[in-house]
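Colleague: This is what each chain is made of:
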Amino acid sequence: MARDAGVSPSGTDSPSPSAYRRREESITLAPVEEQIDGVEGSETTEELLTLNFGPHHPATHGVLRLLVTLQGEVVRDIKPIIGYVHTGIEKTAEDKAYWKVIPIVERMDYLSYYFNAMAYCTAVETLMEVDIPPRGQYLRVIHLELNRIASHLIWLGTSALDLGAVSIFLYCLRERELILDLFEMSSGQRMHTRYFQVGGVIEDIPAGFEAKLREFLKVMPERADEYGAILNSNEIVLQRLRGTCPLDAETLLSLGVTGPLLRAAGNPWDLRKAAPYSSYDHFSFKIPVGTVGDNYDRFAVRLAEIYESVHIIEQALDGLPEGPFITEDRKVSLPPRHELATSMEALIHHFKLVTEGFRVPPGEIYSPIESPRGELACYVRSDGSSKPARVHMRDPSFVNLQALRHMSRGSYIADMIATTAMLDPILGGIDR
Amino acid sequence: MPDATGLELLAAELGDATLETVYFRERATVVVDPVQIRSVLASLRAHGFTFLASVHGVDHYPEEPRLGVIYELLDMGRVDRITVKIRVPLDDPRVESVTADWPTADHQEREVYDMFGVVFEGHPDLRRILMPEDYEGHPQRRDFPIGGEPVIFTRDESKWLETRE
Amino acid sequence: MAAGCARVEVKREPAGPAGASRDLRVRNLNSRQLLRGGDLEGANRPAQLEGSDFEHYVSERVLTTTLDKTVAWARSNSFFPLGFGLACCAMEQFQAAGPRMDIARFGYEAFRASPRQADLIILAGRVSIKMAPIIRRLYDQMLEPKWAISMGACCSSMGVFNNYALVPADKFMPIDVHVPGCPPRPEALMHGILKLRKMVQDDPDMGWRERYDAVGTEEAPSGA
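Heads up: the sequence lines are chains A, B and C, in that order.
Quick note: the first sequence uses the numbering used here, first residue 1, plus one each step.
Quick note: the second sequence uses the numbering used here, first residue 433, plus one each step.
Quick note: the third sequence uses the numbering used here, first residue 598, plus one each step.
Read the hints as simulated data drawn from the structure, not as lab findings.
Accuracy of the hints is not assured; some may be wrong.
List of simulated lysine-lysine pairs, BS3-like, C-alpha gap at most 30 Å [stated by the list, open to error]:
(1) A:Lys273 - A:Lys218
(2) C:Lys795 - C:Lys768
(3) A:Lys331 - A:Lys352
(4) A:Lys273 - A:Lys286
(5) C:Lys743 - C:Lys666
(6) A:Lys100 - B:Lys591
(7) A:Lys352 - B:Lys591
(8) A:Lys286 - A:Lys100
(9) A:Lys387 - A:Lys352
(10) A:Lys212 - A:Lys286
(11) A:Lys286 - A:Lys96
(12) A:Lys96 - C:Lys768
(13) A:Lys273 - A:Lys212
(14) A:Lys352 - A:Lys100
(15) C:Lys795 - C:Lys743
(16) B:Lys591 - C:Lys795
(17) B:Lys517 - A:Lys100
(18) A:Lys100 - C:Lys768
(19) A:Lys273 - B:Lys517
(20) A:Lys96 - A:Lys387
(21) C:Lys768 - C:Lys743
All values reported here derive from a predicted model rather than from experimental measurement.
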């Protein structure tokens, strides 16, 4: 970089380096030198190595770029650089009718797509003061918890892959196939299903869904036991996870971290219990909480959450009420197709909804839910027309990423890799 | 959420910083003076709202002042939420950064800067976070074209080329 | 030697039927007889297959082809994909590598982390403007011959998103197969990969250098 060192970013007359090089220069690492203990004087800069864990890296989950400052193998500072999968979701959402925003917003946190849709739908439903029928709420809960299990399975698989345990990855994918089959049964798509609509869910579950779901619920705890047994008896995994990169709940709270990371540190904050939405208060389930807040606790908390999700789905399935699955307010939800042949109003409503969409009264709402990674919230501002004026998703991974720096300071690179895996970042959510 | 009376009491305590209170769909919002945002958040913290859940921006185009920054606070003990809003005009979009008190605002303020152009004074490292660093323009503003550049129709092409030269 | 003894004794026996000669020329003649059909007893006057029987006999045992075709067949059956997942399509890419829809049965399970070792880049996910130069760099770092599959709607066109932040992959690198879907099912991805396989078997040089006016940009000597 000697060539770049003397060039000013404005690069007037001298042949300037490419814009890419100039961008890398603008990242300053100045604060790091103060934190080195026991190393004095100007010798510090010679001891530090800045390593670029580029956006293309097998161990970063997605296109995350980390500028890691190392002293030997010890991590002194991390600067995450994101934006490599920034899709302009929020801008695109301003251009579309409210119900068309749902598939846009689903693609944000691409492992927990139902949660994205849920946050957005609850926001719009609150703005419009639309009630969800109980069957719709229970179906939502079933799908949300299935999605939580699927998300944790991919997390488990990719984390184990990072730690070197490749077979767990294949096992988790096998289980996830069962869940994706269930999603395909209920909505026709495996991912990004557009199943949640404003007012409820788009379609009732088909015949055979319940039987298949019960089969899955029988199989899943046994498989989760297997994974727990394999990983918990693996000396390497235990040594890499136990005691590495702990962070206390106070710091996590000041960094805005929620979800399994906070629960691993001992704070049992879970929006499903604290501020129940969509009839989560009808179900009894436990919140797994860790003690130390190290990587092992984060792993154990998420593994335990799989069992709890299975329990919730069982209760929801047992108590599934009869009735409509979407609100009967025809100004919000499409009428069933058989009505279109007989009722003129149904036809008009259908036409209005499909062409223009429903209008939402002006106002602003911030609506949080508990996603597999923490507090996922959707802020919707409406100006009275049929398109939202602002949709912002408060993504948990975006905020949790700030904790990576605090967690990995002073630990080895290998621990940093394990911590990134346990952080469960989803770059789609981070970059939106 | 504090109910309507609770909100009014809270707003009264914040004193002259409060410009407006809104109680909408059982959610409480306080619109405050942008200059005093740090002290407002500090007094709300003393009230128990110790968790800053989100910092995000809004463009109120065409109403002035155009750019808004919204802080969502959460009281975990009482499971209470309150929203604090500030509005800054486009020609002077400066707000004091709250990162020193609330470290979670770090990346989130950078995102608001990137997407809206609100400059947070005192932020340790205010750079673009989502867009490439040499990008011009603030995408989330309402008058920013969604395609990033205005669509050039064939009939306008010559006119557009002239203005660009 | 006694059984159970700790030593090993080697007994040399002449290869081939008992009584066959050790002389190389005789053995050579015998092999030719084997190929032409017939038995070796009475090696001087073997029974021989004639005409179509002979052709049938040979066609069952010998395969002729050109070197190009062999190399193309070998290349097509062992793509080393670059493990490159960007967004949601990466999840379906994992599922394609998973146990149910197993790409290992076709030989493509060796996902390489380094572009220098990979020959197939599967762009799984949306390409943002910040990421595009990096992908281009990765593609340039791959060695010839190399292929690219654009998986999903977002990198083939801009997909669901029609905005400032995305670039369709065709704008900055040559793509051989576009797989539509959002995200494409693992079966769809498999179909795309197998289509690429067929394309490579027919003609490994798929003409993108002519299409993109890039003749002369090869890193390695072509036709190798």
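Colleague: Give a verdict on every hint.
Modeller: Results for each hint:
1. A:Lys273 - A:Lys218: Holds. Lys273 (chain A) to Lys218 (chain A) sits at ~25 Å (cutoff 30 Å).
2. C:Lys795 - C:Lys768: holds, 25 Å
3. A:Lys331 - A:Lys352: Since the Cα atoms of Lys331 (chain A) and Lys352 (chain A) sit roughly 8 Å apart, the hinted pair holds (cutoff 30 Å).
4. A:Lys273 - A:Lys286: holds, 9 Å
5. C:Lys743 - C:Lys666: holds, 17 Å
6. A:Lys100 - B:Lys591: violated, 35 Å
7. A:Lys352 - B:Lys591: Not satisfied, since the Cα-Cα distance of roughly 39 Å exceeds 30 Å.
8. A:Lys286 - A:Lys100: Cα-Cα ~36 Å, so violated.
9. A:Lys387 - A:Lys352: Holds - the C-alpha atoms of Lys352 (chain A) and Lys387 (chain A) are around 14 Å apart, at most 30 Å.
10. A:Lys212 - A:Lys286: holds, 25 Å
11. A:Lys286 - A:Lys96: violated, 39 Å
12. A:Lys96 - C:Lys768: holds, 26 Å
13. A:Lys273 - A:Lys212: Given that 30 Å is the threshold and the Cα spacing comes to 28 Å, the pair holds.
14. A:Lys352 - A:Lys100: OK: Lys352 (chain A) and Lys100 (chain A) at ~14 Å, within 30 Å.
15. C:Lys795 - C:Lys743: It holds: about 15 Å lies between the C-alpha atoms, which stays within 30 Å.
16. B:Lys591 - C:Lys795: violated, 49 Å
17. B:Lys517 - A:Lys100: Holds, at roughly 28 Å.
18. A:Lys100 - C:Lys768: holds, 28 Å
19. A:Lys273 - B:Lys517: Distance ~28 Å between Lys273 (chain A) and Lys517 (chain B) Cα, so the pair holds.
20. A:Lys96 - A:Lys387: Holds - the C-alpha atoms of Lys387 (chain A) and Lys96 (chain A) are around 6 Å apart, at most 30 Å.
21. C:Lys768 - C:Lys743: Status holds; Cα separation ~18 Å.
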